[in-house]
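Model the full structure from these sequences, guided by the hints.
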Amino acid sequence: DQQVKQNSPSLSVQEGRISILNCDYTNSMFDYFLWYKKYPAEGPTFLISISSIKDKNEDGRFTVFLNKSAKHLSLHIVPSQPGDSAVYFCAASDNKSQGNLIFGKGTKLSVKP
Amino acid sequence: NAGVMQNPRHLVRRRGQEARLRCSPMKGHSHVYWYRQLPEEGLKFMVYLQKENIIDESGMPKERFSAEFPKEGPSILRIQQVVRGDSAAYFCASSQGLNEKLFFGSGTQLSVL
Chain A
1 DQQVKQNSPS LSVQEGRISI LNCDYTNSMF DYFLWYKKYP AEGPTFLISI
51 SSIKDKNEDG RFTVFLNKSA KHLSLHIVPS QPGDSAVYFC AASDNKSQGN
101 LIFGKGTKLS VKP
Chain B
1 NAGVMQNPRH LVRRRGQEAR LRCSPMKGHS HVYWYRQLPE EGLKFMVYLQ
51 KENIIDESGM PKERFSAEFP KEGPSILRIQ QVVRGDSAAY FCASSQGLNE
101 KLFFGSGTQL SVL
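Protein chains in written order, with my numbering: chain A, 1 to 113; chain B, 1 to 113.
Keep in mind the hints are simulated off the structure, nothing from the lab.
Among the hints, erroneous ones may be present.
Stated by the list, open to error - Each computed EDC-like pair below joins lysine to aspartate or glutamate, with the alpha-carbon atoms no more than 16 Å apart: (1) Lys5/A with Glu72/B; (2) Lys44/B with Glu72/B; (3) Lys105/A with Glu40/B; (4) Lys27/B with Asp86/B; (5) Lys71/A with Asp31/A; (6) Lys68/A with Asp31/A; (7) Lys101/B with Asp24/A; (8) Lys51/B with Glu72/B; (9) Lys101/B with Glu40/B; (10) Lys112/A with Asp84/A; (11) Lys71/A with Glu42/A; (12) Lys108/A with Asp55/A; (13) Lys56/A with Asp31/A; (14) Lys62/B with Glu40/B; (15) Lys105/A with Glu72/B; (16) Lys51/B with Glu40/B; (17) Lys108/A with Asp94/A; (18) Lys68/A with Asp94/A; (19) Lys71/A with Asp24/A; (20) Lys5/A with Asp86/B; (21) Lys101/B with Asp55/A; (22) Lys71/A with Asp55/A; (23) Lys108/A with Glu41/B; (24) Lys108/A with Glu40/B.
To be verified - Restraint ranges, calculated between C-beta atoms of paired labels, are given here: (25) Gly28/B with Glu42/A: 18 to 26 Å; (26) Lys101/B with Gly16/A: 24 to 32 Å; (27) His72/A with Pro61/B: 42 to 50 Å; (28) Pro79/A with Glu68/B: 41 to 49 Å; (29) Gly28/B with Gln2/A: 31 to 39 Å; (30) Lys44/B with Gly16/A: 33 to 41 Å; (31) Pro40/A with Ile76/B: 20 to 28 Å; (32) Asp31/A with Lys51/B: 33 to 41 Å; (33) Leu98/B with Lys54/A: 29 to 37 Å.
Ideal Cβ positions, reconstructed from N, Cα and C, are used throughout, including at glycine.
Structure (structure tokens):
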């Protein structure tokens, strides 16, 4: 019973183009969403987050969009750089979970020079 | 280095032995979380602790697993009588307060032979 789904295990993009990573969720109680980036043999690193009261949050090359009615969020990276190659995890939580983040399985992004 | 420190990075145990994983949170952080990642899976929440208290252990198996975060010293995740299915990457994270951003350590890779 996966509450957070990342249906694309991998994505390959050319350097300089846009990368779009998608995430769907099923629990309507989720009110906070995060994206983490993970390199091999390292822990996840926080990238960007969005609260359910917003539909967009931007930080430099990274933008997260939230569509509550579709229970869908996406991470846009533009322009993509080879250093962005990593596994990206979508995560969600609700106010009651107190730090219990529900993670998707991740999408491996490869940015080709 | 002010990051979340986990040790050891790699731990090999034989079936039936005990595994102890240590986590020192970031300076100033009093909230610690343990997550487990099986191969090809996302991170799964195990337990959330504050100093000397377990707040949420809903993700932790009822048997063989225990966690503590003493007043002094690191948080310890203890797995007794390990089995092959315990082989995974165990990540610790810390935050400054409730519902704040989680910072992850580099993880401990546990291999059970």
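Hints, one by one, checked against the model:
no. : hint                              : in the structure
1   : Lys5/A with Glu72/B               : violated (39 Å)
2   : Lys44/B with Glu72/B              : violated (27 Å)
3   : Lys105/A with Glu40/B             : holds (7 Å)
4   : Lys27/B with Asp86/B              : violated (30 Å)
5   : Lys71/A with Asp31/A              : holds (11 Å)
6   : Lys68/A with Asp31/A              : holds (9 Å)
7   : Lys101/B with Asp24/A             : violated (21 Å)
8   : Lys51/B with Glu72/B              : holds (9 Å)
9   : Lys101/B with Glu40/B             : violated (24 Å)
10  : Lys112/A with Asp84/A             : holds (10 Å)
11  : Lys71/A with Glu42/A              : violated (29 Å)
12  : Lys108/A with Asp55/A             : violated (24 Å)
13  : Lys56/A with Asp31/A              : holds (14 Å)
14  : Lys62/B with Glu40/B              : violated (24 Å)
15  : Lys105/A with Glu72/B             : violated (35 Å)
16  : Lys51/B with Glu40/B              : violated (32 Å)
17  : Lys108/A with Asp94/A             : violated (26 Å)
18  : Lys68/A with Asp94/A              : holds (14 Å)
19  : Lys71/A with Asp24/A              : holds (6 Å)
20  : Lys5/A with Asp86/B               : violated (24 Å)
21  : Lys101/B with Asp55/A             : violated (19 Å)
22  : Lys71/A with Asp55/A              : holds (11 Å)
23  : Lys108/A with Glu41/B             : holds (12 Å)
24  : Lys108/A with Glu40/B             : holds (11 Å)
25  : Gly28/B with Glu42/A: 18 to 26 Å  : holds (22 Å)
26  : Lys101/B with Gly16/A: 24 to 32 Å : holds (30 Å)
27  : His72/A with Pro61/B: 42 to 50 Å  : violated (32 Å)
28  : Pro79/A with Glu68/B: 41 to 49 Å  : holds (46 Å)
29  : Gly28/B with Gln2/A: 31 to 39 Å   : holds (34 Å)
30  : Lys44/B with Gly16/A: 33 to 41 Å  : holds (36 Å)
31  : Pro40/A with Ile76/B: 20 to 28 Å  : holds (26 Å)
32  : Asp31/A with Lys51/B: 33 to 41 Å  : violated (27 Å)
33  : Leu98/B with Lys54/A: 29 to 37 Å  : violated (20 Å)
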